[in-house]
Amino acid sequence: MTQAVGSTPETLVPKRRSRYLRDRQRAGFLFSLPVMALILAFLAIPIVQTFYQSFTAWDGITSTWTGLQNYQYLAGAPTFWQVVENNLVLLASIPLAILIPLIVAFLLNEHVTGWRFFRSVYFLPTSISWVVIGLVAIRFFASEGILNGVLRTFGLGFIHTDLLSGEGSALAAVIITFIWSVFGTNTIIFITGMATLDREVYEAARVDGAGAMQTLIHITIPMLMRFIQFAFILTVITAFTALFSLIFIMTQGGPGFATTTLEFFIWDRAFKVGTFGLASAIGVVLFAVVFVIWIAQYRILRSRTD
Amino acid sequence: MNRTRQRVNRTAIFLILCALVVIMLFPFVFMAMTSFRSYDQYLMGSGYSLDSWTVLFNTIPVLQELINSSLVTGAAVLLILVTSTMGGFAFAKLGYPGSSVVFLLILAGMMVPVQSIIIPEYVNLSQIGWIDKYYGAILVYAALGAPFATYLMTTFYRGVPTELVEAALMDGASYFRIFTRIMLPLSAPAIVTVAVLQVIQIWDDFLIGFLFLQTPDVRTITVGLATLQSSRMVNIPALMAGSIVSALPAIIVYLIFQRHLVRGLTMGMSK
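As they're listed, the protein sequences go chains A and B.
Okay, so the first sequence: first residue is 1 according to the numbering used here, each after it adds one.
Okay, so the second sequence: first residue is 1 according to the numbering used here, each after it adds one.
Looking at chain B on its own, in the form it has when it is part of the complex (with noise of 0.2 Å):
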């Protein structure tokens, strides 16, 4: 009795999980069947064909975006790797007089609304000519993201036997090189989760992208994505087309990576 009633409990979660995966998957059904009709097969809503993808990549640098979106986003993550994974070390190991105060001004960064920065940030860069430049964006993408992984990478090193590096030293190795035959390789795995976090967060980002790369040969692609919604264009299969390449990146880096994300996520809860 009590086991038949148990079998019929787990029939109703499985089941109720599963609606809940089409409500969650519909979306990317929609966007992935939507691409594949023309305009006006979408509008009688049978028939398929390539067409909107055709109109897709003849209406905006499809190409040209995603590479300045893989440009943008690489570098911006490199910088916040470099940074971080050296701020790390130095606020976790070695120390000076008032790096602990530094270091909790960088975590009160990680309090900073974007867009409590947003306009000082873009005047300051606009009189220096910097808008429209890759290294504009990526700069500010860099302190954006860098507090959060300077958090991360200290408490990570923090983790790290101190006996190492005064073994290390006793050896005769230089900081420099502790930093990076020791540190660097042990922290892989952070580096990793650090990396995830941020390659899709910036990727996916619209409003630094919005303002501080303007013209069409710099734009990124969800920029160009969101440009085309605004422009008169309502070719909704061809924005479905748009939505795609614009997500399949991301989702990628989702699937490979769906652990280290995990991790990231929990991480910032041990403060």
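Just chain A, same shape as in the assembly (with noise of 0.2 Å):
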């Protein structure tokens, strides 16, 4: 049993008491009653239902328990592991999409003419759907795009690019517009953190002669290392649960497999392919990632307030 949320009233005789917290109680279950009930029908039992699916042959209709088959096939399917490979990648450009913004939130930090203008329009992309932001990038990294007209204005048009036909190259091509996505998000998060710094502490740093530079690696990062960590998580989230809808637009997971991240795979596998058994085992592996993500801020959080 857990104890009861609140304190009851001290004033109350103790039959009153009783009848007052069952009352209490009572009201509390029919008040979170709603809640409970949408997520439980459609997000508690989908879960469940998508472990148990995952030891099955499943086509939508009829389901087969096969045991660990789904699972023993994706670790030996190369498919599975160059999408694996491809998360790692988007992983491993996170670093710039947390950099960049710290960079620029230290400079809008400086409160130059027109910073909370700025501010705004950095921020904007956070309100645009990944579909037309998609749309758009489309045309920028088109053979005939954007890019390419920009490089030949500047007298560089003997680089040509065409960034989405690549094997080797598409992802980059959706990880810079992902960068481009985040960048306002991650910028107003370090800027909200670094107006609760104290502002004396970069007083004594540029009396004792600390140039712009040393104050940002000494000072005004570690003091953020809390908010740096929470964007950090959320762009992680962000790249690997909510990107779905910038690659269909953008590549549909091609050339090859070459953009397909895992939550594309299971859209892939499930209603391009039909194999939803399969599906849902690599939606349980995206479940995993995702939850170890979360306990390890959580339990990274929880270190530094103790």
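These are computed hints drawn from the structure, not numbers from a lab.
Do not rely on the hints blindly, as some may be mistaken.
Calculated lysine to any residue pairs in the SDA-like style (CA-CA distance at most 25 Å, straight line) [as the list claims (entries may be wrong)]:
(1) A:Lys272 with B:Ile131
(2) A:Lys272 with B:Trp130
(3) A:Lys272 with B:Asn124
(4) B:Lys133 with A:Pro34
Please read all numbers here as calculations on a predicted model, not as lab measurements.
Relying on the hints, combine the two individually framed chains into one complex.
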């Protein structure tokens, strides 16, 4: 039994008190019923089903228990490992998605003329759907696209790029687009963090003759660690679980499987190929990955506050 | 000497930030400029017209899709607000045996990636015939948004003094009355934050709409736009016009409620 939240008024006599408690608990149960029902039906039951079906061959209508077969198949499938590798490349790009906003937030924090306007503009892509971002990104990276136009304008026409159709480069195009999109969000997180720092520390550093770079590395970054961690986790989760639409629009996971990540692979195996059981197994893998990331962040935050 | 150096520094920073504005605003300028060109004008790179907007409205049912998006987003956000404020009040101020375990389980719902539940969800809803029905998508959106919303509301209500609830009880108010007359008005700022976050998220979503609302008469604008891209239509200016139509409502919400959006983002941090 868990202790009820809140405290009981001490002025009440014991008998009324127990009635009061019972009423309160009944109200508590009734008030939380809608949200429990909603989450149970459309979130909890489906995730349990995903776990169960990951041990079956399932086509959406009939499912047969096959034990660990889906997982064994995945472990031996080169495609799956290519997909995992794509996720790792995505992960490896996260430091850039943190570092650039960190530097820009540092610059914004100097409060030069118009910094509020700059902040608003940088944050704007947060409100735009991945579909729209993807649609523009295709025109940007296309063979006859904007990027090549810009290169030509600057007399660099000999560098002709066609990132989206190259197996080795398509993921880079997706990553660049991704970094562009999360830039504003992370910048805002860091600015919020910097606003909580003590300005006197900066003054002291300046008096001691510390340069901007030294201040950033030795003072700002260590003091912002909590915010950096938060931004890091948020960006990883976004990269692993929110890029489906961007990939769908930009590359459809291709060329080959060059831009297929775990989350895209689930959709691909389920709704394009029809192997629902196998897709469920990938769903379990993705859930496990996300779960580990969340737990890691929780433990790190805990260890810091203790 | 030092002062001039500082001024040079600040000018440099200003210029860097301006360059970034160009990079960040460029796609929006591209969308707007391109949409006001016909396909031929786009290829030639000169001239302006409204042709592509006509093409867009003749190719997909833009108005119907906007109505669908508004309907689905509005209903889902309303459902999220009702369930999360009620739940938040219960978890923060009322409680019952096992309520903190239930709360933890709801928080765990924040960790579940959409793709990890989408297959059974789709099969379940198609078995009971809820595909291509507004309420199917609305319930899925609501369930996906509810855990974070409930977390934010519970955190908020924990900050409300318990004495307020107790005093009202002494005066003979029912829990329902306490909820509607005291808790809801107090939590208006948190409610706006949750609403803004969810409106943008659901309006911009593609995957749920793509799977659960497939026919053109119930399709949302984001999905309509994506199908335009994957159909054989290569009319880029019309696609850009569609992008503007789909993005504009979210941009307007962003411009009005920017502060709330920032707060919602950083409120997620105080875990």
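Can you confirm whether the C-alpha distance between A:Lys272 and B:Trp130 stays at or below 25 Å?
21 Å, holds
Within 25 Å, alpha carbon to alpha carbon, are A:Lys272 and B:Ile131?
This hinted pair holds, its Cα atoms lying about 18 Å apart.
Given the hint that B:Lys133 pairs with A:Pro34, test it: the Cα-Cα distance must not exceed 25 Å.
21 Å, holds
Satisfaction of hint between B:Asn124 and A:Lys272, Cα-Cα up to 25 Å:
Given that 25 Å is the threshold and the Cα spacing comes to 18 Å, the pair holds.
Violated hints are absent here; each numbered hint is respected by the structure.
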